[in-house]
Amino acid sequence: MIYLFRLIARNTLRHPLRTLLTVLGIVVAITAFGLLRTTVDAWYAGAEASSASRLIVRNKNSLTFPLPLYYGAKIRGIEGVDSVSAAQWFAGIYVDKKNFFPQFAVDPRTYFALYPEFVIPPEQMKAFLLDRRGAIAGRKIVEKFGWKLGDQIPLIGTIYPGTWSFVLRGVYTGANSRTDETQFFLHWDNLNETLKKVAPDSANQVGIFLVGLKNAREAPLVAQRIDAQFRNSRAETLTETEKAFQLSFVAMTEAILLVIQAVSFLVIAIIMAVMANTMAMTARERRREYATLKALGFPVRFIAALIIGESLFITCAAGALGAWLIHPAAAYVGRKYGTIFPIFNVSDDTVVMAMLATLLVGLVAAAGPALQASTRTVSEGFRAAG
Amino acid sequence: MGIPYSYIVRNLWVRKITTLLTAGGMALVVFVFAAVLMLSEGLKKTLVATGSPENVVIIRRSAETEVQSSVYRDQASLVASIPEIANGPGGARMVSREVLVLMVLPKRGTGSPSNVTIRGLSEMGPALRPQVRLVEGRMFRPGTSEIIAGTKIAEGFQGAGLGETIKLGIQEWKVVGLFDAGKTGFASEIWGDADQMMQAFRRDSYSSVIFRLSDPGSFARVKERLEDDRRLTVEAEREPQFYARQSELMANFLNVLGTILSTIFSIGAIIGAMITMYAAVANRTAEIGTLRALGFRRHDILTAFLAESLLLSLLGGALGLVMASFMQAFTVSTMNWQTFAELAFSFTMNAGVVVQGLLFALIMGLAGGFLPAVRAARLDIVDALRAS
Amino acid sequence: MTAVVEIEHLSKAYQRGGQVVPVLQDITLTLQTGDFVALMGPSGSGKSTLLNLIAGIDAPDSGLLRVAGVDITGLRESELAQWRAEHVGFIFQFYNLMPVLTAYENVELPLTLTHLSRRQRCEHARLALDLVNLSDRADHYPSQLSGGQQQRVAIARALVTDPTIIVADEPTGDLDRVSAREILDLLESLNDSLRRTIIMVTHDQAAAECAHIVRHLEKGVLTDKIEYPRERAQA
Numbered sequence: 499m500i501y502l503f504r505l506i507a508r509n510t511l512r513h514p515l516r517t518l519l520t521v522l523g524i525v526v527a528i529t530a531f532g533l534l535r536t537t538v539d540a541w542y543a544g545a546e547a548s549s550a551s552r553l554i555v556r557n558k559n560s561l562t563f564p565l566p567l568y569y570g571a572k573i574r575g576i577e578g579v580d581s582v583s584a585a586q587w588f589a590g591i592y593v594d595k596k597n598f599f600p601q602f603a604v605d606p607r608t609y610f611a612l613y614p615e616f617v618i619p620p621e622q623m624k625a626f627l628l629d630r631r632g633a634i635a636g637r638k639i640v641e642k643f644g645w646k647l648g649d650q651i652p653l654i655g656t657i658y659p660g661t662w663s664f665v666l667r668g669v670y671t672g673a674n675s676r677t678d679e680t681q682f683f684l685h686w687d688n689l690n691e692t693l694k695k696v697a698p699d700s701a702n703q704v705g706i707f708l709v710g711l712k713n714a715r716e717a718p719l720v721a722q723r724i725d726a727q728f729r730n731s732r733a734e735t736l737t738e739t740e741k742a743f744q745l746s747f748v749a750m751t752e753a754i755l756l757v758i759q760a761v762s763f764l765v766i767a768i769i770m771a772v773m774a775n776t777m778a779m780t781a782r783e784r785r786r787e788y789a790t791l792k793a794l795g796f797p798v799r800f801i802a803a804l805i806i807g808e809s810l811f812i813t814c815a816a817g818a819l820g821a822w823l824i825h826p827a828a829a830y831v832g833r834k835y836g837t838i839f840p841i842f843n844v845s846d847d848t849v850v851m852a853m854l855a856t857l858l859v860g861l862v863a864a865a866g867p868a869l870q871a872s873t874r875t876v877s878e879g880f881r882a883a884g
Numbered sequence: 091m092g093i094p095y096s097y098i099v100r101n102l103w104v105r106k107i108t109t110l111l112t113a114g115g116m117a118l119v120v121f122v123f124a125a126v127l128m129l130s131e132g133l134k135k136t137l138v139a140t141g142s143p144e145n146v147v148i149i150r151r152s153a154e155t156e157v158q159s160s161v162y163r164d165q166a167s168l169v170a171s172i173p174e175i176a177n178g179p180g181g182a183r184m185v186s187r188e189v190l191v192l193m194v195l196p197k198r199g200t201g202s203p204s205n206v207t208i209r210g211l212s213e214m215g216p217a218l219r220p221q222v223r224l225v226e227g228r229m230f231r232p233g234t235s236e237i238i239a240g241t242k243i244a245e246g247f248q249g250a251g252l253g254e255t256i257k258l259g260i261q262e263w264k265v266v267g268l269f270d271a272g273k274t275g276f277a278s279e280i281w282g283d284a285d286q287m288m289q290a291f292r293r294d295s296y297s298s299v300i301f302r303l304s305d306p307g308s309f310a311r312v313k314e315r316l317e318d319d320r321r322l323t324v325e326a327e328r329e330p331q332f333y334a335r336q337s338e339l340m341a342n343f344l345n346v347l348g349t350i351l352s353t354i355f356s357i358g359a360i361i362g363a364m365i366t367m368y369a370a371v372a373n374r375t376a377e378i379g380t381l382r383a384l385g386f387r388r389h390d391i392l393t394a395f396l397a398e399s400l401l402l403s404l405l406g407g408a409l410g411l412v413m414a415s416f417m418q419a420f421t422v423s424t425m426n427w428q429t430f431a432e433l434a435f436s437f438t439m440n441a442g443v444v445v446q447g448l449l450f451a452l453i454m455g456l457a458g459g460f461l462p463a464v465r466a467a468r469l470d471i472v473d474a475l476r477a478s
Numbered sequence: 002m003t004a005v006v007e008i009e010h011l012s013k014a015y016q017r018g019g020q021v022v023p024v025l026q027d028i029t030l031t032l033q034t035g036d037f038v039a040l041m042g043p044s045g046s047g048k049s050t051l052l053n054l055i056a057g058i059d060a061p062d063s064g065l066l067r068v069a070g071v072d073i074t075g076l077r078e079s080e081l082a083q084w085r086a087e088h089v090g091f092i093f094q095f096y097n098l099m100p101v102l103t104a105y106e107n108v109e110l111p112l113t114l115t116h117l118s119r120r121q122r123c124e125h126a127r128l129a130l131d132l133v134n135l136s137d138r139a140d141h142y143p144s145q146l147s148g149g150q151q152q153r154v155a156i157a158r159a160l161v162t163d164p165t166i167i168v169a170d171e172p173t174g175d176l177d178r179v180s181a182r183e184i185l186d187l188l189e190s191l192n193d194s195l196r197r198t199i200i201m202v203t204h205d206q207a208a209a210e211c212a213h214i215v216r217h218l219e220k221g222v223l224t225d226k227i228e229y230p231r232e233r234a235q236a
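So the protein lines, in turn, are chains C, B and S.
The first sequence begins at 499 in this note's numbering and counts up one residue at a time.
The second sequence begins at 91 in this note's numbering and counts up one residue at a time.
The third sequence begins at 2 in this note's numbering and counts up one residue at a time.
Just so you know, the hints here were simulated from the structure itself, not pulled from any lab data.
One thing to keep in mind: the hints can contain errors.
Stated by the list, open to error - Rough simulated footprint, nothing fancy, chain B against chain C, three-plus residues with beta-carbon under 8 Å:
#1 558-569
#2 642-650
Said to hold, decoys possible - Pairs of lysine-lysine residues, derived as DSSO-like cross-links and limited to a Cα-Cα distance of at most 30 Å, are as follows:
#3 C/596 <-> B/273
#4 B/134 <-> B/257
#5 C/596 <-> B/197
#6 C/741 <-> B/257
#7 B/257 <-> C/572
#8 B/134 <-> C/595
#9 C/558 <-> B/197
#10 B/313 <-> C/558
#11 C/558 <-> B/257
#12 B/135 <-> C/596
#13 B/257 <-> C/595
#14 B/134 <-> C/596
#15 B/313 <-> C/695
#16 C/834 <-> B/134
#17 C/595 <-> B/313
#18 B/264 <-> C/558
#19 C/694 <-> C/558
#20 B/197 <-> C/834
#21 B/264 <-> C/595
#22 B/197 <-> C/741
Beta carbons are placed, not taken as given, at the ideal position from N, Cα and C, and that holds for glycine.
So that you can see chain C by itself, here it is in the shape it has in the complex (with noise of 0.2 Å):
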């Protein structure tokens, strides 16, 4: 066995260049797998990190269409609701279209209530809720421009029209790392009463309603019938849990997703055919010494482990190391996507896929030169080698 090991060791050694070469492919396909896979989770993020407890009501036509404000009081009423808030999709640009970052009009005291995944410091809720135009922004966004307590933020209007400027009054930070740390908060009183005056027709209208909920078991019973109380009113709605909501998003670029994770396979299958090229032409080159093995009578299986294992060496040492680089690469790539993907993290599967991939590719690699060099004869070898 020690000389099975000390073989492979000193073998994989004997062309270092080759070496070098295909583990640098393996590292860079094995952490460009990674980086894919966490592109996937990231798009599910948002799904992964809402709840299944909370609901949100919506225009049945699409999220296009706002609802009348006294449906909150309405929503109150059903049997199963515990509270009801309500929020509004803003749409601003601060200073290029390029700084995205989501922003809601919010009812601030019902709003933080139902999120508590939102961690504001109190004297900084103290602030906001006495500032009509105070704003709270997630500490991503807040480091990435800069904003300091009391600045004032500009927001050109693209659905609201106009500039809008508000007072950053608290930052919020995530109670774990799946929270979105991107996102803005304004009054939406503040909203509301603009709108009285410029566009009396879009005033007392909200985006959707959030609904938290006695029991959360009871969730698709509450949608039912807050639905029902709607029913052929003017504004019909749609309520689903929060994860259903989000995954209907998901659902609409699936297309671009499923592009991804078949690219995230085709780096393995290119990696894959690497590595194989590199171990066949290996396997070719040492056909008299596999030849001479076999004739001082070692087995066919040693053979083979010799060739696997090798293989094997090769992959898993360049995978561990593709797999250790996915972590400061996603942190990386996570900072240039900026505020388009707010959570890019690297779960504990995508590593395992990696390492998995790599051992694949390590067997798949080895499996024909084995095979050959298994079932050519020694007489054979010689000759091949000749």
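Given chain C, put chains B and S in place with the hints provided.
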């Protein structure tokens, strides 16, 4: 006099498995590279086909998209009254006041909900889009709750087929015609009468005003005047630019994805080529010595090995492009992040993609083959001959 | 004296480009323990094939082949490997040492197939290296040794397991005269003082003279047999 090409070709042929694996790896890389290029091409083609350069789109200032925009009736009338608007057949002015909303409709079969763009048009609206052809049934009549649907929508969504009725807003609508809009963005829309739609959706403003210029060259002047008009607060844009801007995010995403993938993948392929070529040099050391002894010069050897590498990559490139050409059968349908509407575009291959793909392959071959070829060329004759 | 190699009516043919080419035809041959046999003949006469068959690295088409008391035609691949490890020591024309192992490790290599302890393996390997006079080169890699030295390491490897027979395929074929002489002297002394049975294929007349039995092959058929008295070999 250089080394004969048959020698180069046969060397690749002798090492079939290695050649195939290396070229196969490159083929996959070129495939990915070409596929991303084809997607960008497809998107571009869709956008170019959607807009006509003589058409102008008016939306509310900073609204970005028609869905977010609102243009009040009096503003729309002001816009429609400018003298630069062309006269159509019968002398009618070619302008359409339009309303655009997104509706969640269930897909046929699965019933899974997806956003569909519903467009309300004035009578002149369809005439402004000659690329849209009615293929079945008839045009909707103004002032009625009749609609026509794109063929893709009719096939894909419940209640959108010819003769069926569908509930949009607070009203039932009858599908009286189907239209084919080719590869344009209109292919995934439903059209009806603008004023009827505004009632159904309880809106009192339009989303946009579209008109054709009698003189396309007057655009700059018209834009300036409309945007400076204090009563309007609107933006004017030529139709093609308007649609291109709406898909900017998607186009950027594809570009970034393409660049990143090509870079990463080409590293893998270059390494593969390098390994193969280094091994080729090592295995043929004695041969190289013999060739040099026969009188071939260093640069003949360099050229021969480079040519072998380039041939290998060309093979991979061609293989990858053949694989990629099959992707033309697929259409990508996804949500446009900017408009939230469905955006469909297909993989499109053209000469540009082919040239870029092959060039990409050759660059990989050159990068992978250069160092090994230099090593081969620098071998000492005596040492090389001594190698067994 | 006991028969260590018994061959009766042995035949072997190769397929070459769709044609059947007979290599060995109806060979019958018996070798005794302690023999030093040289197989000679022009290239293509089948002498290497015969050697390979005796060494169990190639299989005959028909005939009886009993080596070291075992009918090796009936053995499966894995049994054959085990049999080789136990009974056969190999010496090749191109030495065939593992380039990644030192001289000492190369000699120790076949011992890893036995049940010897680490210490015993070390003793045996040292002894074998001593026998070929290369103790001082134990830690050298093959690429750091001359051809003659490499072949001496190969001889040490061949005898370290104390095999029943040692087969040598053109052991001097790749060496200069001086080195070749060294190798032949070594083989002679192995046969002489250690009573090893050696079967050697060679072109070289000087090499053949070390043996005391010389068999000639011509087109796959054994022709004449020359025996030298043992004293002659010693002289």
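To see whether the hints hold, each was checked on the structure:
With 6 residues having a Cβ less than 8 Å from any Cβ of chain B, the region 558-569 of chain C passes the three-residue criterion, so the hint holds. Remark: the region 642-650 of chain C is not confirmed as covered by chain B, as 0 of its residues place a Cβ nearer than 8 Å to a Cβ of that chain, below the required three. Our distance criterion of 30 Å between C-alpha atoms is met by residue 596 of chain C and residue 273 of chain B, whose separation comes to about 28 Å. Distance check on the hinted pair: residue 134 of chain B and residue 257 of chain B sit about 33 Å apart at the alpha-carbon level, beyond 30 Å; violated.
In summary, the hint linking residue 596 of chain C to residue 197 of chain B is not supported, as the alpha carbons are separated by about 33 Å, beyond the 30 Å threshold. The suggested pairing of residue 741 of chain C with residue 257 of chain B holds, with an alpha-carbon distance near 27 Å, which does not exceed 30 Å. For a cut-off of 30 Å, the pair hint linking residue 257 of chain B to residue 572 of chain C stands: about 25 Å separates their Cα positions. Between residue 134 of chain B and residue 595 of chain C the alpha-carbon distance is near 21 Å, which keeps this suggested pair within the 30 Å criterion.
Taking the CA atoms of residue 558 of chain C and residue 197 of chain B, the gap is near 15 Å; set against the 30 Å cutoff, the hint holds. For a cut-off of 30 Å, the pair hint linking residue 313 of chain B to residue 558 of chain C is broken: about 37 Å separates their Cα positions. Among the hinted pairs, residue 558 of chain C with residue 257 of chain B is consistent with the structure: their alpha-carbon atoms are about 11 Å apart, no more than 30 Å. Of the supplied pair hints, the one linking residue 135 of chain B and residue 596 of chain C holds, its CA atoms being roughly 24 Å apart against a limit of 30 Å.
For the hint linking residue 257 of chain B to residue 595 of chain C, the alpha-carbon distance of about 36 Å lies beyond 30 Å, and the restraint is violated. In summary, the hint linking residue 134 of chain B to residue 596 of chain C is supported, as the alpha carbons are separated by about 21 Å, within the 30 Å threshold. About 29 Å separates the Cα atoms of residue 313 of chain B and residue 695 of chain C, which keeps this hinted pair within 30 Å; it holds. Our distance criterion of 30 Å between C-alpha atoms is met by residue 834 of chain C and residue 134 of chain B, whose separation comes to about 25 Å.
Between residue 595 of chain C and residue 313 of chain B, the direct Cα distance comes to roughly 22 Å. Compliance with the 30 Å bound is thereby established for this hinted pair. Straight-line distance between C-alpha atoms of residue 264 of chain B and residue 558 of chain C comes to about 20 Å, which keeps the hinted pair within the 30 Å bound. Between the alpha carbons of residue 694 of chain C and residue 558 of chain C the distance comes to roughly 25 Å, so the proposed pair stays at or under 30 Å and holds. A hinted pair counts as satisfied when its Cα atoms are at most 30 Å apart, and residue 197 of chain B with residue 834 of chain C does not qualify at roughly 36 Å.
Pair hint residue 264 of chain B plus residue 595 of chain C does not hold up; C-alpha atoms about 40 Å apart against a cutoff of 30 Å. Proposed proximity of residue 197 of chain B and residue 741 of chain C is supported: the alpha carbons are some 21 Å apart, at most 30 Å.
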